[in-house]
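2 protein chains.
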Amino acid sequence: MSAKRSGILFVMTGASGVGKDTIRQAALPDLDNLFFSISATTRARRPGEVHGKQYFFYDKAAFEALLREDALLEYAEYVGDYYGTPAAPVHEALASGQDVLLELELVGAREVKRRLPEAIMIFIAPPSLSELERRLRGRGTDSESRIQKRLARAREEIRAVKEFDYVVVNDTLSTAVRDFCSIIHAERARTKHLSARDIANFLREL
Amino acid sequence: MSAKRSGILFVMTGASGVGKDTIRQAALPDLDNLFFSISATTRARRPGEVHGKQYFFYDKAAFEALLREDALLEYAEYVGDYYGTPAAPVHEALASGQDVLLELELVGAREVKRRLPEAIMIFIAPPSLSELERRLRGRGTDSESRIQKRLARAREEIRAVKEFDYVVVNDTLSTAVRDFCSIIHAERARTKHLSARDIANFLREL
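Top line first, the protein sequences correspond to chains A and B.
Mapped onto full-length UniProt numbering, the consecutive letters of the first sequence carry residue numbers 1 to 206.
Mapped onto full-length UniProt numbering, the consecutive letters of the second sequence carry residue numbers 1 to 206.
The following block holds chain A by itself, in its conformation from the complex:
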């Protein structure tokens, strides 16, 4: 029915190592009806990662074919690799009334906000840059030069915090997960997201 509300688009952004994946994975069981978009990337697969689960892994030529077909909602180059969001599944989910969560780097987040201004922008912030550096080193997946690049990128992202609707500081994980889930639940309770059908239901008996 056309009276059904469209899905709400949520975009989460935050520096590598800030805990985006951990927050999202801890939050998803509490959040029904949320479609998590899987990105396409050219970056190397890490041990345990599966095509179609963490990412769709493509080589550069295949990724550039997606670009030519305009099949990506956004894409960005980050530390030498492409990352992009397949457009069709996002549009289909939103049209069917399902909410969508995108996890994006700053450049991609800005592009989505430009194309879809109603997107709700959530910034995941570290308690401090020194704590972020400690977490990146603890992860043990990056070379020193890559860590330095990630920290430089983190500084740039934190400067952009005012472009976001919400900031979740990942100091204590349980509080960050609670705040992240709260943002989703609260946005769903916004009057402006009531559909024509919801309003009709409220008013039918009056």
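Hints listed in this document are in silico derivations from the structure and should not be mistaken for laboratory results.
Incorrect hints may have been included.
Since copy identity is lost for identical chains, a pair holds within one copy or between any two.
[As the list claims (entries may be wrong)] No farther apart than 25 Å at their CA atoms in a straight line, the calculated lysine-lysine pairs in the DSS-like style are these: (1) Lys60 - Lys149; (2) Lys60 - Lys162; (3) Lys4 - Lys162; (4) Lys53 - Lys4; (5) Lys162 - Lys192; (6) Lys113 - Lys192; (7) Lys149 - Lys4; (8) Lys113 - Lys4.
Dock chain B against chain A, hints included.
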């Protein structure tokens, strides 16, 4: 310090019998730093109610003295009684950085929104009017004519739902409490509520 953020003002409104008190009491343990404003009223004290706890109970002359002193943030007459919000405690809490929750009838909610446009307006809706009627009768505190007045008032309030930022439908209590708490947590995570001091902390190391 002047850099500290001001408190956020939340206003909750909903028909008598919709479960406002139940939601609030279930939610408060999950919500620290929230000042619940206690209203002044001329209505008769119900068994078990205590002056300064559920309400400040005044006779009509004393209440009208408060009005003359402009000591109320809003007031309304409802089913023959006055209800009003003492202004000073609210302003003091907000200035000290504490968030404030007001539970108000529609007329009072509108007056607070007019005076303090940054107030976050939360509407507690019944799943249906027939369910609301069932709950009002189940409460057993009101005469038939008072129940009819409350239902007429509820119809009027539901028509005003679009004036509110959020709608919490009290169908399942646990979901309503979760949504109510989520609204408080999410608003606290809004970028616009970051204080100058918060921003400075983020940027200090950059």
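Here's how the hints hold up against the structure:
For a Cα distance limit of 25 Å, the shortest separation of Lys60 from Lys149 inside one copy, 21 Å, qualifies, whereas the shortest one across copies, 69 Å, does not. Neither within a single protomer nor between protomers do Lys60 and Lys162 lie at most 25 Å apart by alpha-carbon distance, with minima of 33 Å and 49 Å respectively. In the homo-oligomer, the alpha carbons of Lys4 and Lys162 lie at most 25 Å apart only across protomers (17 Å), although the nearest pairing inside one protomer, at 32 Å, exceeds that limit. Taking the shortest Cα distances, Lys53 and Lys4 never come within 25 Å of each other, neither inside one copy (30 Å) nor across copies (43 Å).
Taking the shortest Cα distances, Lys162 and Lys192 sit within 25 Å of each other both inside one copy (23 Å) and across copies (8 Å). Proximity of Lys113 to Lys192 under the C-alpha cut-off of 25 Å is found in both arrangements, the shortest distances being 18 Å within a copy and 18 Å between copies. Neither within a single protomer nor between protomers do Lys149 and Lys4 lie at most 25 Å apart by alpha-carbon distance, with minima of 45 Å and 33 Å respectively. Only within a single protomer do Lys113 and Lys4 lie at most 25 Å apart by alpha-carbon distance; the minimum there is 23 Å, versus 30 Å between protomers.
Comparing the model with each earlier hint shows violations of hints 2, 4, 7; every other hint is respected.
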